[in-house]
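Peer 1: Build the complex: two chains, separate frames, hints provided.
Chains P and D supply the protein sequences, listed in that same order. Position 7 of the first sequence, counted from 1, bears residue number 7 in this note's numbering, the numbering being contiguous throughout. Position 516 of the second sequence, counted from 1, bears residue number 1516 in this note's numbering, the numbering being contiguous throughout.
Just so you know, these hints were derived from the structure itself, not from any lab. We put the CB at the ideal spot given by N, CA and C, even for glycine. There may be inaccurate statements among the hints.
Said to hold, decoys possible - Between beta-carbon pairs, the in silico distance windows are:
(1) P:G133 x D:E1521: 23 to 31 angstroms
(2) P:G133 x D:D1468: 43 to 51 angstroms
(3) D:V1325 x P:G16: 27 to 35 angstroms
(4) D:V1223 x P:G116: 27 to 35 angstroms
(5) P:L19 x D:N1188: 54 to 62 angstroms
(6) P:G116 x D:K1003: 41 to 49 angstroms
(7) D:T1405 x P:G140: 56 to 64 angstroms
(8) P:G133 x D:V1400: 58 to 66 angstroms
(9) P:G140 x D:G1461: 29 to 37 angstroms
(10) P:V177 x D:D1468: 41 to 49 angstroms
(11) P:N141 x D:K1003: 53 to 61 angstroms
(12) D:K1003 x P:G16: 20 to 28 angstroms
Said to hold, decoys possible - In silico contact screen, one side only, chain P against chain D (beta carbon under 8 angstroms); selected entries:
(13) A31
(14) G32
(15) V35
(16) M37
(17) I64
(18) G66
(19) M79
(20) E86
(21) L104
(22) Y113
(23) P114
(24) A120
(25) A156
(26) V162
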Amino acid sequence: MKETKNILLVGVGGQGIILVSKILTAGLVKAGYDVKMSEVHGMAQRGGSVSTQVRYGEKVYSPIIGRGQADILVSFEKMEAARWVEYLKPDGKVVVNNYEIPSLPIAIGKAEYPQGVIEALDKVFKTTAIDAGKAAIEVGNIRTQNIVLLGALVKALGLNEVDWVEIIKENLPQKMVDINVKAFQKGMEL
Amino acid sequence: MKKLMSGNEAIARGAYEAGVTIAAAYPGTPSTEILEHMVDYKDVIYSEWAPNEKVAAEVAIGGSIAGSRSLAAMKHVGVNVAADPIFTYAYLGVNGGFVLVSADDPSMHSSQNEQDNRYYAKFAKMAMIEPSDSQEAKDFLVEAYNISEQFDIPVLFRVTTRICHSKSIVELGERQEVGHKPYIKNINKYVATPANAKRLHVVVEERLKALEKFANTSALNKVEYNDTKIGILTASVSYQYAKEVFGDKASYLKLGFTYPLPMDLIREFASKVDTLYVIEELEPFMEEQIKAAGIKCIGKELIPNIYELNPDIVAKAMLNETTEVKSVDVEIAARPPVLCPGCPHRGFFYAISKKKNTVVAGDIGCYTLGAMPPLEGIDTCICMGAGISAAMGMAKSFEVSGRDTKVFGVVGDSTFFHSGITGAIDIVYNKGKMVPVVLDNRITGMTGHQENPGTGKTLMGEDAVEIDIVEVLKSIGYKKVAVVDPCDLKAMNAVIDESMVSTEPYAIVTKRPCILIKGLEPSKVKCQVKTDKCKKCKMCLKVGCPAVFFKDGASYIDKSMCVGCEVCMQVCKFDAIEKVGE
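Chain D with its partners taken away, still in its complex shape (with noise of 0.2 angstroms):
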């Protein structure tokens, strides 16, 4: 059966395929698609949005030495969160396959950086495997257990926004129905004492030289001899933009399997073909090592490091061919991304945009959209959990320099639990004078309604413990925990101001779900301006509420777009807005 499918949804049926029975995630753009789709099998994949990307692995290693084919899944960045696991478990091995999805975002559509991850996998001596389509990215996961189980590794499944989000035929297989491996007790291949770790890291490096050795025989590297005076060698998505391009007027050699490299397979194409020029996205990873063999090539010189490739991009490199481009003679505004109408982040971040001599550390979710103007709420963004943990770095620092600005460090609900916690227990243990705020609004919102631990419900749609935010808080130690409706404004600017002046730890929790979770009942209430009563003086479009405008002299709301937040309403001096519809 043939069926168009996105990388993601190949990857959730290249796990099914597998075999696979555990798999572990936490959501982030462009990976959240894999675990959803893995949903799509739930009567043979256990499958669960772990609080963090660190947990996820985890969670995904102890099902693979219980003997199950297990996957973590995460977006680049995640990576770095569950490094410390990854790196050791490369050194102990798998008993049941092991394949740890890394999705990048090269140009960062919905990310904080461009980092390369193929890295990860020469940093911690796993086996690298890259699919260049939808078709390949099932079929390569099925071979990616293969090897992880014959090499006794983790193997990095890496994979791109173009991957993950591009949709293409996928000719769909059978599951293979590979069974749980029995788990024998074995302290010395699965306790990680230094004892153990010196004597694996000598197995690690013989692992390594047998794997290189593999690739360059492996189905996954495949060579295509065409006119041999330009000869590319290619991974990815680099293949598709690279054939686009050059069609069969070049020679390729695509590898699948990019870690280690297949230095034989690619000195003998290299001596093949006029010139050898290496299409990578991002950084030189594979021409580096190449170069370092001492094959002659052509990489970064040309193609640059920096965003993602397209045809263009490679034609204007390699060719130095350019399109012809036409354009309008129109001066365009910008449209950036904005809290959504009846967002409920948006009271807080107007109420703290008002409050003088403060300073508010972000985090990783819709909320830093509140850095934006008009409500410029926010001062910094860096990880998950830094909303919380670099606030204390802040205060201290300003309890040392002497300055009296307060800070506030600013969490979600999944982020909270992904490592804002850790970060809530330091400001308590070491006498922060600074208030945590979780902006509680039910779901994880960004990456587009996640379950979280605060939910109530899992991945798999079964009921879970709700994990309540606020008694968490309390039992760490914070005397006042004070909970808020973000868009009563009175009410979170009296939270504000007591938090100020509180010589006790003081949380805050703003509570209010997202606009946009599915099944709850739209508002009838909508707001509208009194015409006749509005003064012009434009306060209202100081909330950033994309309903708001201003048009012709005076403020109007779209009622299409209106959720009755009333949050326009109380910034009103006049009493201009007005609810309808009650």
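Same shape as in the complex, but just chain P (with noise of 0.2 angstroms):
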């Protein structure tokens, strides 16, 4: 592979975004990928919006991209699809979780969160809304949406040349790997 692969992670802060990264990355480079990750820490923490990019291709030189220039946005939080979207190429895909969480101008009533979100990305851009959190509760524990997603973003760049079960058994402590490892395979089928 020639062509840099470019990732967007977005999300609330606290749901899991930085785990999936780490697996990510952690399977790309035994690929034998060439990978670059970038977050951001600090404030955007305390409940913001979050972001993590992910880099991999035979060389990387930058670990972060500018607009319109991601392959994939993978969104944990249905608004920030929407808020991250201007950074995908224009032939990039959305896999986006039907999750809402209100930020705190919409929760005290100063703003309304946005209706028809899915509907408008899927008129401009190649768009999976999953459930991610019915999978997670159908597999045993809602805190495993994360890997859930991280199934369907694995699924829609056919990443299938890494073994993605043991990678979550090196990165998850013993007693997570089961539910995870269903989690995962849960995406896959999304």
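Peer 2: Okay, structure coming up:
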């Protein structure tokens, strides 16, 4: 693969994006890619909008991308997909979790949660909306939503050359492995 | 062995491989994880959270004088705090190698200004090294110690958010067992009297000349010749952006050693390319010096000096290329960072925001978020410590101008030890008619939970003396130090009211641990709205808790977020919020 691929993971502080990017990058490194990943800490973790960028290919220079350059946007929260969508290439894909977390201005009635986000995304980009929360509950733990989304991301990118189950085993505590493997497989099926 | 590492992790690894034995820092984004990872090597490196950056720098300087390879790390504004010892240490020179890591934050992802600390190298007359990825962060740090000892000079190791918080693949090396240099008393070198300083300034200038010569041949500076129509001089992460945009369609002079600049090397490179471009983030630090040396180049005419760069910005600036961007037709609400559900600061800010005719000077930390709507409980935020001392100035100004406004000065526990303590002394000493407030949540919160002198633990995980803020304030001379649980609004209000009429020095310490502290038992008690009793007055929304929301004409509390702090319950006038799950 000559061309560098760009993944943008976005959501709200506390949704487990860092863990997903850790597993994702570990898998990509194992597959022999050059990998760079960039994240922003600090202020962002207090319930703010967060983003992590992962780039992989034969040789990666910049750790970050600008607007119009992501191959895929994985949004852990619905409204965040719309916030970050300008970072996608015109032919980029969206994987969006059909899950709402109202921000404070919405919670206190100063703003409205946007309606029709998924429809609007679908009009412009190839969009896959999944209900990671429902899938995670079916698996047995709502907190595995992030790994469901990892499964959906791996499927969308066709990253089949990596043994993801093995990578999950290496990066999670023993007692969390089974349920997260199930969540990952569920995400692959959605 | 290869490993995916953040720049900060790689700096800690570099310190290990360089044979560092002393490391000190005060936490600050994006530098914090350097010392957090230093603990991975605690068998061979002593590391500490110092109360502030000046102390951190001085501890590392002392370590260096005594013969250890030493490191101090801080965010860009921290270097302002540490500047005093740094400037003089550049005159004295080192014994064991000394490196000051400055982590700058272009685009201010988590900072109050966008200062470009490369100027500190020129200003203080230190050598400067800038890595462009994690591998270089590790390797160049090892080289920084060699240079520091070879040229008897402190080295400024300057990184930025995208170096610190980006991960890339690093090939690990072995630790150099450099040991400790013998400490030999040397008054002429280590005592900065005017007489010594006068002599040393001459030495400093000679040192810089020798360093410039060295820079011209240093392996840290690399020339890559491709097509010579475009020649790009760049450093740090900007090199990666330039490579991303131009690939092998341009020639590069990529600098890792950036002060003093290798002017001969630059002149030679400039002569071999048609046009020399300088691609650097923030200020024209290199460009100004290159132009002053009479070398023609193009820099800030094209490249913006505000905010961080990325490949897209570089392409647009240099090639006038615009990327096609598609947006969607949705109106998005803002998602600002907020005080967490159950945050102990909420109670104080709610209470103070209801007091008429008050002004609250704030400080740096999670509590800065108390300025956000709906709480709006803070009037100012400047730097660490100013929460107390700027409040003192405001109180004096109101006193002089005859304005009857009560001033409160807010700091956290970590920032109290950082530099709030000196402001607290000023108030008593100079009869300030204002109230210092220490919001003690038992941890350094915003940077992700570091220990501090009040927590009873050290960075290396050892038990420590827990310095008692209340006793410190009493010993300074505060006649009344009120200790209160900020989430008990009645008590919080009573304390604020009492402080406003007190004629003696009065300080407030709110005590309640951050809800995110690891190991704290999560509360089983939650708050819940009794829908039949809710009058839809929206009072509960005024506490600004992310768990409380208004939907379809009624208030609700998200059980998954609520930690049962009961602040919303206390503001409800209709008893429509109850506790469940006891």
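Peer 1: Run every hint past the structure and note whether it holds.
Peer 2: Hints, one by one, checked against the model:
1. Separated by about 26 angstroms at the C-beta atoms, G133 (chain P) and E1521 (chain D) satisfy the suggested range of 23 to 31 angstroms.
2. Taken as a hint, the range 43 to 51 angstroms holds for the pair G133 (chain P) and D1468 (chain D), whose Cβ atoms sit roughly 46 angstroms apart.
3. Take V1325 (chain D) and G16 (chain P): their Cβ atoms lie about 28 angstroms apart, and the range 27 to 35 angstroms holds.
4. Between V1223 (chain D) and G116 (chain P) the C-beta distance comes to about 55 angstroms, which lies outside the given range of 27 to 35 angstroms.
5. Judged by the Cβ atoms, the range 54 to 62 angstroms given for L19 (chain P) and N1188 (chain D) holds: they are separated by roughly 56 angstroms.
6. Checked against the hint of 41 to 49 angstroms, the pair G116 (chain P) and K1003 (chain D) passes, with Cβ atoms roughly 45 angstroms apart.
7. In this structure the supplied range 56 to 64 angstroms holds for T1405 (chain D) paired with G140 (chain P), their Cβ-Cβ distance being about 57 angstroms.
8. About 59 angstroms separates the C-beta atoms of G133 (chain P) and V1400 (chain D), a value consistent with the hinted range of 58 to 66 angstroms.
9. Separated by about 35 angstroms at the C-beta atoms, G140 (chain P) and G1461 (chain D) satisfy the suggested range of 29 to 37 angstroms.
10. Evaluation of the 41 to 49 angstroms hint for V177 (chain P) and D1468 (chain D) yields a pass: the beta carbon distance comes to about 45 angstroms.
11. The given range of 53 to 61 angstroms is broken by N141 (chain P) and K1003 (chain D), whose C-beta atoms sit roughly 30 angstroms from each other.
12. In this structure the hint that K1003 (chain D) and G16 (chain P) lie 20 to 28 angstroms apart at CB holds, the actual value being about 22 angstroms.
13. For A31 (chain P), the interface hint is violated, since its Cβ never comes within 8 angstroms of a Cβ in chain D; the closest pair sits about 13 angstroms apart.
14. Using the Cβ-Cβ criterion of 8 angstroms, the hint placing G32 (chain P) at the interface with chain D is not satisfied: the shortest such distance is roughly 11 angstroms.
15. The criterion of a C-beta within 8 angstroms of any C-beta in chain D is met by V35 (chain P), whose closest approach is roughly 6 angstroms, and the hint holds.
16. For M37 (chain P), the suggested interface contact is upheld, since its CB lies about 4 angstroms from the closest CB of chain D, less than 8 angstroms.
17. Hint status for I64 (chain P): holds, given a least beta-carbon distance of 5 angstroms to chain D, under 8 angstroms.
18. Hint on G66 (chain P) holds. Least Cβ distance to chain D is approximately 2 angstroms, under the 8 angstroms limit.
19. Satisfaction of the interface hint for M79 (chain P) is found here, the shortest Cβ-Cβ separation to chain D being roughly 6 angstroms, below the 8 angstroms cut-off.
20. Hint status for E86 (chain P): holds, given a least beta-carbon distance of 5 angstroms to chain D, under 8 angstroms.
21. Among the interface hints, the one on L104 (chain P) holds; its C-beta lies about 5 angstroms from the nearest C-beta in chain D, closer than the 8 angstroms criterion.
22. Annotation: Y113 (chain P) was flagged as interfacial toward chain D, and the flag holds, the nearest CB pair being 7 angstroms apart, inside 8 angstroms.
23. With 8 angstroms as the threshold, the beta carbon of P114 (chain P) comes within range of chain D, its nearest partner Cβ sitting at about 5 angstroms, so the hint holds.
24. Using the Cβ-Cβ criterion of 8 angstroms, the hint placing A120 (chain P) at the interface with chain D is satisfied: the shortest such distance is roughly 4 angstroms.
25. With 8 angstroms as the threshold, the beta carbon of A156 (chain P) stays out of range of chain D, its nearest partner Cβ sitting at about 18 angstroms, so the hint is violated.
26. With a least beta-carbon distance of about 14 angstroms to chain D, the hint placing V162 (chain P) at the interface is violated under the 8 angstroms criterion.
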